[in-house]
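Take the sequence shown: its letter number 183 is residue 248 in my numbering, and every next letter is one higher.
A hint or two may mislead.
Calculated cross-link-like contacts (lysine-lysine; reagent style DSBU-like; alpha-carbon spacing at most 35 angstroms) [said to hold, decoys possible]:
no.: 1; residue 1: Lys108; residue 2: Lys417
no.: 2; residue 1: Lys184; residue 2: Lys261
no.: 3; residue 1: Lys123; residue 2: Lys184
no.: 4; residue 1: Lys451; residue 2: Lys522
no.: 5; residue 1: Lys580; residue 2: Lys764
no.: 6; residue 1: Lys580; residue 2: Lys108
no.: 7; residue 1: Lys314; residue 2: Lys229
no.: 8; residue 1: Lys580; residue 2: Lys515
no.: 9; residue 1: Lys764; residue 2: Lys637
no.: 10; residue 1: Lys620; residue 2: Lys189
no.: 11; residue 1: Lys397; residue 2: Lys281
no.: 12; residue 1: Lys790; residue 2: Lys764
no.: 13; residue 1: Lys189; residue 2: Lys343
no.: 14; residue 1: Lys106; residue 2: Lys123
no.: 15; residue 1: Lys206; residue 2: Lys314
no.: 16; residue 1: Lys189; residue 2: Lys108
no.: 17; residue 1: Lys790; residue 2: Lys899
no.: 18; residue 1: Lys343; residue 2: Lys417
no.: 19; residue 1: Lys397; residue 2: Lys261
Here are the computed distance ranges between Cβ atoms for each label pair [to be verified]:
no.: 20; residue 1: Glu520; residue 2: Thr828; range: 28 to 36 angstroms
no.: 21; residue 1: Glu282; residue 2: Glu585; range: 49 to 57 angstroms
no.: 22; residue 1: Thr850; residue 2: Arg523; range: 36 to 44 angstroms
Calculated from the structure, these hints are not laboratory results.
C-beta atoms are modelled at their ideal positions from N, C-alpha and C, and glycine is treated no differently.
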Amino acid sequence: MKVRSIVWIFLLAAAVSWVPLHLRAGEILRVTPSTRHLVPKGKSIDAIDGDWIMKNDKVILVIGDAFFGREANMRVQSIQGAVIDFTTLSDNRDYLAAFFPQGFPAPDSRRNPAQFAHKIEVVKGQGREVVLRAVRNATDKVPYESVTTYTLRDGESFVRVHTKFTNTSDREVSFIFGDKLRIDMDIEKEASPIGKTNLAFMYNKWFGAAYAVYSKEGLLITEKPKLAVDPATGLLVGFQKAGPDVTLKPGQTLETNRLLLYGRDVAEIQRAVRIMEKSRVPLTTIRVADANNRPVAGAFVDVYNLNEEPVSFAITRDDGTTEIPLVPGEYKYYAFKVGHDSVSAGFSVAKKASQVPVTLAPRTSVKISVREQGVTGTLPVKVEFKGINGHPDPFLGSPKRAEGANNLYYSIVGDFEVACPPGEYEVSFSRGPEYEVVRQELVLRVGEQKTITAELKRSFSTPGWVIADLHNHSARSGDNDTETRSRVINLAGSGVEFAPATEHNRISTYTDEIKDLGLESYIASAAGIELTGPTGVDTGPNHQNAWPLTIQPGKQGSGAPPISADVYTQLKGLFEYDSDKTKFVQHNHPGLGISRLYFDGDEDGNLDEGLRTRDFTDAIELQNNVYDILEVTSDEAVNKRSPVFYWLQMLNQGFRIFGTMTSDNHIVGERGGLRLVYINTRHDSPPSIDPYELALNAKNGKMVMTNGPFLKAEVNGHLPGEVVKAGGKEVTLDLEARTNNVAQLDRIQVLVNGRQVKSLNFTREQHPQLFSKGGFRHSVPVTLTEDAHIIVVATGQNAPQNPRLTTPRRQVPPFAMTNPIFVDIDGNGFVPNKDTLGAPLPSGSTRPNR
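Whole structure, please, built from the sequences with the hints as guidance.
Next comes the structure, spelled out in structure tokens:
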């Protein structure tokens with residue numbers, strides 16, 4: 066297909082020229098410190114200094130700069146010359162991952178470095194029409210030239226895109242003649258079906274954003290998102306007449322024109338196309354009302370053909386209506402809104418405009434009033450609805466938002482209303498481990514609005530300690546879709562008092578969101594990162610967190626250090642970032658990879674220095690593996706193959722690498738608030754938290770891992786991580802454990818050099834006088850025969866099971882574990898005993914299929 070002049074493009078201009086002639090808003094600007102404020106807002110903003118802003122009076126978009134290695138985030142690479150942000154000026158909320166117009170293959174910039182564009186040229190930078198050109202030169206790997214021209218005209222709410230491909234080589238060149246449109250995550254059904262179409266779209270209903278590629282000449286959808294396989298896939302949009310697979314002879318060219326559009330739903334885009342085409346396709350008005358004929362605003366309306374292929378997606382307006390251009394034929398709608406119900410039915414469309422009435426059940430909801438004694442105004446809270454008496458858990462919304470996430474609802478105000486389907490529920494109100502959980506039963510009938518109240522009471526306080534979650538994610542990471550605002554609400558409602566931002570390969574902080582939400586009294590943050598090794602490369606355990614770090618505004622990843630397939634190189638670079646400042650560096654979820662990291666780097670079965678990262682690491686995530694500790698250290702243990710056992714072996718070899726538990730949350734879900742650490746600090750009020758002091762204390766091991774209970778252990782007044790110069794073989798161990806009303810501890814076990822000490826095993830059955838309803842308190846002398854590290858474990862092995870404490874493997878009890886306290890009995894410095902705990906140090910491959 067060779068396209069030099071396409072008349073329809075000019076006809077479309079006439080159809081949408083509704084802007085007064087005197088208005089001139091078109092402009093192209095480079096992103097710089099003085100223009101950063103012009104970058105659009107939204108969940109998926111990825112612009113940095115050097116990128117290009119194009120705007121007119123209707124829309125604004127950002128084109129990626131042409132430097133080598135330019136990437137939007139961990140999952141969206143090689144964005145040179147691609148559209149990475151796009152929204153209307155009125156909405157100002159970007160949701161686009163990327164639009165790639167330069168043909169494929171386009172090698173991933175990490176696995177096979179390549180560039181989508183080698184230079185960006187401003188053809189016309191101001192006026193009623195602005196034009197920008199992205200040029201990709203032919204290379205040995207990609208032996209054809211591609212030139213994409215973006216055009217914005219005043220009055221048009223779309224981007225005109227023209228691409229010309231030229232085979233500049235002396236041999237035939239084959240490639241995929243098409244675009245890739247990406248709105249990552251949560252996209253499974255809300256996308257164009259495979260096959261021929263003029264409009265290829267992707268849509269996320271929960272955040273009201275749709276993007277589409279339009280061509281009157283026709284498109285061919287050849288690949289849909291495969292969320293189960295790769296959440297970062299998009300629509301591969303080929304051009305019907307020529308491909309998508311094409312071959313160019315030497316000197317041959319190929320051109321195509323299309324439009325890139327944005328809307329709040331697919332129907333809005335389809336209506337715009339209908340106007341542009343001057344189409345006579347009738348508008349079908351779908352009106353959604355309840356059984357009392359009250360309009361239902363914000364209802365999702367999905368329209369399918371008889372082959373169950375998606376035709377359109379819409380959200381109703383305040384009057385309960387939406388208009389969808391539909392060619393005459395037979396269709397089926399699915400309508401849904403939280404708090405109402407879900408209905409479906411077939412309907413017919415004739416040659417004239419028609420109306421389709423849809424009736425949902427009346428709105429069902431519960432008004433909630435939550436108070437904490439002595440507190441007014443802002444109040445973070447987590448509400449959980451559990452189905453009882455045979456009723457299922459209710460669905461309150463996407464797990465990527467706080468106000469309705471599966472069966473959870475997080476709020477930061479005391480009075481709020483939750484739309485909820487009819488049913489019988491146990492409703493739990495909580496605010497982290499230090500508050501009592503209030504539970505009430507609720508019966509909701511169709512159309513009812515009930516009111517329930519709850520008062521949250523603090524179960525205990527922990528002066529000198531803060532509750533921290535050191536690993537979380539939001540949409541900024543690129544591998545998930547959780548809005549950052551919702552992440553902060555989720556953390557605050559879970560009782561977390563400190564949470565550094567740890568987005569993949571991007572230094573950021575939650576501080577601005579905390580301030581905007583008025584949560585400064587409840588939670589603090591720090592600038593941090595999860596540095597994540599190359600996608601698709603066998604790098605082993607190569608994810609590391611660090612905080613606090615310096616944000617470098619305008620730079621890619623806000624100045625993030627480079628990644629590497631070599632774990633040593635990557636971690637060393639992170640360790641040396643801000644080398645003049647204190648920071649905490651944690652190796653994430655190594656699992657059984659502890660063997661390779663620290664004992665057998667080449668996995669040949671012979672012990673060595675591992676990957677030589679020991680000196681760069683303050684802690685490792687032990688996560689759910691902590692629950693193995695009493696099993697793998699018991700006298701009866703046979704299978705000791707567990708990361709927590711390897712960690713004990715590390716401590717006995719002299720490693721000063723401490724343990725953490727973190728949520729590593731990518732959604733707004735139950736995991737939030739159930740894997741935490743308590744960090745010792747002099748500043749235990751969120752407004753006064755000093756991230757550098759917290760980082761120093763975390764580096765020194767002054768942390769306790771927990772899924773709720775607070776556990777404090779001191780040896781001669783010394784905390785975890787510290788060295789006690791005992792001056793003798795006997796020390797005093799002071800123990801204190803506290804829980805709220807839903808957690809019950811029944812065992813406190815002391816480990817000395819990684820081994821359980823029978824005389825230091827305290828159970829509720831054998832020592833009832835030491836346990837109370839809310840915890841445990843005891844002071845006990847400990848006699849040592851050598852230098853030793855002491856770890857204390859608190860658990861509720863025989864406590865009533867809490868269904869909220871679950872792992873993928875099993876239900877788990879209330880649990881807390883200290884980091885080691887080191888005791889030097891003779892004052893000559895702590896000497897590790899080198900005990901391997903009855904098993905060889907780990908070596909050989911711990912990875913599957915090797």
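These are the hints, each one checked on the structure:
1. Lys108 with Lys417: The hint is violated at about 40 angstroms.
2. Lys184 with Lys261: holds, 33 angstroms
3. Lys123 with Lys184: holds, 27 angstroms
4. Lys451 with Lys522: Holds - the C-alpha atoms of Lys522 and Lys451 are around 22 angstroms apart, at most 35 angstroms.
5. Lys580 with Lys764: Roughly 27 angstroms separates the two Cα atoms, so the pair holds.
6. Lys580 with Lys108: Status holds; Cα separation ~18 angstroms.
7. Lys314 with Lys229: Holds, because 15 angstroms separates the two Cα atoms, which is no more than 35 angstroms.
8. Lys580 with Lys515: Holds: Lys580 and Lys515 sit about 33 angstroms apart, inside 35 angstroms.
9. Lys764 with Lys637: holds, 16 angstroms
10. Lys620 with Lys189: holds, 26 angstroms
11. Lys397 with Lys281: holds, 26 angstroms
12. Lys790 with Lys764: Given that 35 angstroms is the threshold and the Cα spacing comes to 20 angstroms, the pair holds.
13. Lys189 with Lys343: holds, 29 angstroms
14. Lys106 with Lys123: With a Cα-Cα distance of about 15 angstroms, the restraint between Lys106 and Lys123 holds, given a limit of 35 angstroms.
15. Lys206 with Lys314: The hint holds at about 17 angstroms.
16. Lys189 with Lys108: holds, 30 angstroms
17. Lys790 with Lys899: Holds, at about 20 angstroms.
18. Lys343 with Lys417: holds, 15 angstroms
19. Lys397 with Lys261: holds, 21 angstroms
20. Glu520 with Thr828: 28 to 36 angstroms: Holds, at about 34 angstroms.
21. Glu282 with Glu585: 49 to 57 angstroms: holds, 55 angstroms
22. Thr850 with Arg523: 36 to 44 angstroms: holds, 43 angstroms
In summary, the one numbered hint that this structure violates is 1.
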